[in-house]
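Visitor: Sequence:
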Amino acid sequence: MHSETSELKGPAIMWFRRDLRIHDLPALAEAASAPSVLPCFIFDDRLLGRGRFPSSPRTRFMLACLADLRQSLRDLGADLIVRRGDPERVLLDLADACGAGSVHWTADVSPWARKRDQRVSDLLAQQGITALAHPGNYIVDDPAAIRSGQDRPYTVFSPFAKTWREIERRPMEDPPDQLVPAPGTDPGRLPDLAELGLDEVSSVPSFEAGETAGREAARKFRNQGLESYSKLRNNPAGGSSRLSPYLRWGCISPLELEVKLGLEQAEGPRVFRAQLAWREFYASVMQNFPEVSRVEFQERYRGTLNWQSDDELLEAWKRGQTGYPLIDAGMRELLEDGWMHNRVRMVVASFLTKDLHLDWREGEAWFMERLIDGDVASNNGGWQWVTSVGTDPKPYFQRMFNPMTQQEKFDPHGEYVRRWVGELADVGDQHLVRPWTMDEPQQIAAKCRIGVDYPAPVIDHAEERRFAVERYRAAAE
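With this note's numbering, you'll find the sequence shown wraps up at 1656, consecutive numbering, no jumps.
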């Protein structure tokens, strides 16, 4: 409990955003200590429909998370008040209607969110209403506050993670036993995608949304996947925790995950905890260097890489029609499931930037359009890492993923590729990595004619790798 708020009088508003849970949520725990509480969610058109990264798949997942949250709040005796509009105005209206003396939310790190929250705080303060941002989106209270011995923000992961591991954690918050609802406010109903101005999504993701599903997924991973995580996590056909959508929407607490999964000294928990640290590292980078949301972290690569422009190649990459099986499997998984295995994310990102020589921002935007776990800081950090323009110090030529050797290493029997690229279902293992090497009788036997049923490679990887090395070398000089 946060002592500075314990004397607040009157009803409290709990403003949910990307923290859609009741377990271990400091903002909710504090709001619940008021005489009554008004939990709310505000659909902001500036973010959902007209923002930089609108996404029908992610919004659909969010709506299902909200439905689960609403049920949890009703079970506690309250409800989720749903509104649409500019948060600063909506919150003032709600505060006026219920006589609220305080508004609570979970702090966020993106430049857009921080500016919005400052506007809201200023406007509430003018009306004598206390605005309080709480931790909860990350394991440490404030990733951006993690500094080096020279009092500088970290720009390399390993020393950041070493310091991060040593920081004292806040105590976990229990969910409220019950909530006393602020009276006299119509809860409103959850809209659908069309009402929000977004296109419907035909694909059905394999992820069930919400805190209830997220906690069950975390329990299963703890019992069935954690021990083998370090060995299998790079296998795209299985081995990942698949918890990223629940972390993105705050359906599960990252601190609770660390406590329950990550504090053991065995290899599986240790490696998984490092993945949680990467998420916090990119949040720190985004907050300390907000310009990276638009430009390369490394100044020497800003405007110097001479990205090519080719709509046809970009479209082939987006639709999984490049002729490289692992690339196409990943891009089709993204289209169908709103998710992609992390190893494959790195390979397809390298292909876009270092084989097709297309701007990493094109890939960043496409991922944000399609990913249900699309997170501005993590997505941006990942793209800049693979493109060799971000925080990591490794030279560009050490991070050029070969889509064929990656497939041989991590999907040797084609389980992942055959699942997502149906045209290759009957191609034998000996040709699955390079299906274009099949002769005509082999193509007929495999029911896969190259250039007809499945595309020929859109580029030659070895040739484009050489060109990429020249481009980066010239840009860095």
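If you are wondering where the hints come from, they were derived from the structure by calculation, not from laboratory data. Any given hint could be a false lead.
[What the hints assert, rightly or not] Below are the PhoX-like pairs computed for lysine-lysine, each with C-alpha atoms no more than 20 Å apart in a straight line:
#1 Lys-1399 <-> Lys-1439
#2 Lys-1399 <-> Lys-1410
#3 Lys-1588 <-> Lys-1410
#4 Lys-1341 <-> Lys-1573
Visitor: Assess, step by step, whether the Cα of Lys-1399 is no farther than 20 Å from the Cα of Lys-1439, and give holds or violated.
Guide: Judged against 20 Å, a Cα distance of about 12 Å means the pair holds.
Visitor: Regarding the pair Lys-1588 and Lys-1410, is the alpha-carbon distance no greater than 20 Å?
Guide: Satisfied, since the Cα-Cα distance of roughly 13 Å is no more than 20 Å.
Visitor: Please verify whether Lys-1399 and Lys-1410 have alpha carbons no more than 20 Å apart.
Guide: holds, 17 Å
Visitor: Would the hint linking Lys-1341 and Lys-1573 be met if the CA-CA limit is 20 Å?
Guide: Between Lys-1341 and Lys-1573 the Cα gap is close to 19 Å, so the pair holds against 20 Å.
Against the hints set out earlier in the document, no violation occurs for any number.
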